[in-house]
Amino acid sequence: MTCAEFQRELPEYLEGGAPQLRDHLNMCPSCSGLVASLESISREARQLQASEEPSPRVWNSIEIALRQEKLIREPRPRNTLVPSLFQRWGAMAWAVPVAAALLVVVGISLYQRPSSPTDARQRTAGNTPAVTAKFAGDPSDEQLLQEVSRRAPLMRDAYERNLKDVNDYIKDAQDSVNADPNDEEAQQALIDAYGQKSMIYEMALDRSLP
Amino acid sequence: MIIAPASPRFCNRNATGLASVVLVAITTLSLAETKKEYRFDVGPHAKVSIVNQFGKVSVKPSPGNYVLVNATVYSDKVEVDQSQNGSRVDVQSHLLAGANSDNARVDYDVLVPADSNVEMESATGPLHAEKLHGDVEAEGANAPIDVRDIAGSHVHVKTMNGTVTLTNIRDGHVEIDSVSGDVILNSVTGPLVRVSSTTGRIQYDGDFGYAGEYRFNSHSGNIDATIPADASVDVKAQSVRGQVQNDVPLQPKVHTSFLVREGSSFAGTFNKAASSVWLRTFSGRIHLKKR
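Listed in order, the protein sequences are those of chains A and B.
One point on numbering: in my numbering, the residue at position 25 of the first sequence is 25, and numbering is uninterrupted.
One point on numbering: in my numbering, the residue at position 97 of the second sequence is 97, and numbering is uninterrupted.
Check before you lean on any hint, since a few could be wrong.
To be verified - Chain B stretches covered by chain A per the calculated footprint, using a threshold of three residues with CB under 8 Å from any CB of chain A:
(1) 170–182
(2) 186–192
Said to hold, decoys possible - Some but not every residue of chain B turned toward chain A, in silico, with C-beta under 8 Å:
(3) Tyr66
(4) Ala141
(5) Ser196
(6) Thr199
(7) Val240
(8) Arg280
Unchecked claim - As a list, the in silico DSSO-like pairs of lysine-lysine whose alpha-carbon atoms are at most 30 Å apart:
(9) B:Lys131 to B:Lys253
(10) B:Lys236 to A:Lys164
(11) B:Lys36 to B:Lys131
(12) B:Lys290 to B:Lys131
(13) B:Lys36 to A:Lys164
(14) B:Lys236 to A:Lys171
(15) B:Lys253 to B:Lys236
(16) B:Lys131 to B:Lys47
(17) B:Lys131 to B:Lys77
Keep in mind the hints are simulated off the structure, nothing from the lab.
No experiment lies behind these values; they were computed from the predicted model shown.
Backbone N, C-alpha and C define an ideal beta-carbon position, used for all residues, glycine too.
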């Protein structure tokens, strides 16, 4: 099974199905890192206290942000991943699809975008680049920086610096939400922080990267 | 020791050699720099997309219903791909083998009908758009971005490091995302103006229009807003860990959505409170000033 095939089945795996995918996870550190990040987010979301349903303004803001990032286009039918996540994680599930969609899109982009025949052959053969340890706990960031280093070595420092700043932003925003889950502004700040990180990933992988 | 002066023949030979070298250099540079021009006739509300890797993109209004693209290509490591489908025009810099940020630069000067919707990208920039009333999207990781004299449109800007300057944007739906680049807004008004930054500074000078919603938030970048005496605003400002300073005599609000703490937040109305202004930062400083 290739990484691309695994990621097509990923939503089913996250819902507890597709046990055959575990074999790929045992062999592929990149995909296992991606799944670990998604599971960490869902654990953090479950620890948040239950709260009242966010106001319509919050939902509207989330939808606007996701549409801007082109993470959603059409309303999903009821039997897809998003409603089932709401059933699983309750009222705080709003935070999960935002972060999960961000990470899944980034993971798919990183693995399905061979920018040279050499890269495509390496990915097909299952070779994965070595992951250095500068961004402990977030293999996606380190993989992104490796991609930046390959495409534009002079830009790596700028991307690394900005990723660090945005990760600090996410941490502070998450701490605020944890301190008061009912704080709508803290929730909006967390969405904004993830939006900033999503933008860095887009720029790094987009054609406009030097 | 006596140094004999150079003979006239020797001087002439050296001058000729130097002139030859200069001539060759100029010729070489001229050959490397190629100017291309493309013209596209379009209908109303054309969609124009300029995607560049290195170099500037400048978009201004054209006097007629056509798009005119002037591209200056600086080497043979990059070529310009262009296509038209109806009123949709796409221009893209196509990097060839051996291209890098030094040798693959293209500068675009583009004229478009004023009602066109424009999308422009360049990692290094600069990006510039002016005097349009169609939607403008500008994106560049390191690009300085300058948008001015736009009315009644959506203006969307994304950058990582580049400085963003918006001037005289009227009745706009403005959304700016900058990670570390500073955002400078002069006379920017509209039903929605949203600026999001991580470390970049946000600076606003204007009256916040009428009946608009303005939302500026940053993680650690400072937020400075300067308003005239006739501005009509309902202001909330909060710095979670930083300081706030208010020089405007606001009428205090009875109810706010957060606890107002001296030095770290304030809220109030000024004049008729027509526009809603929300300034928030985690650790930056907020300063509201009166012009």
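Broken hints, by number
2, 3, 9, 13 and 17
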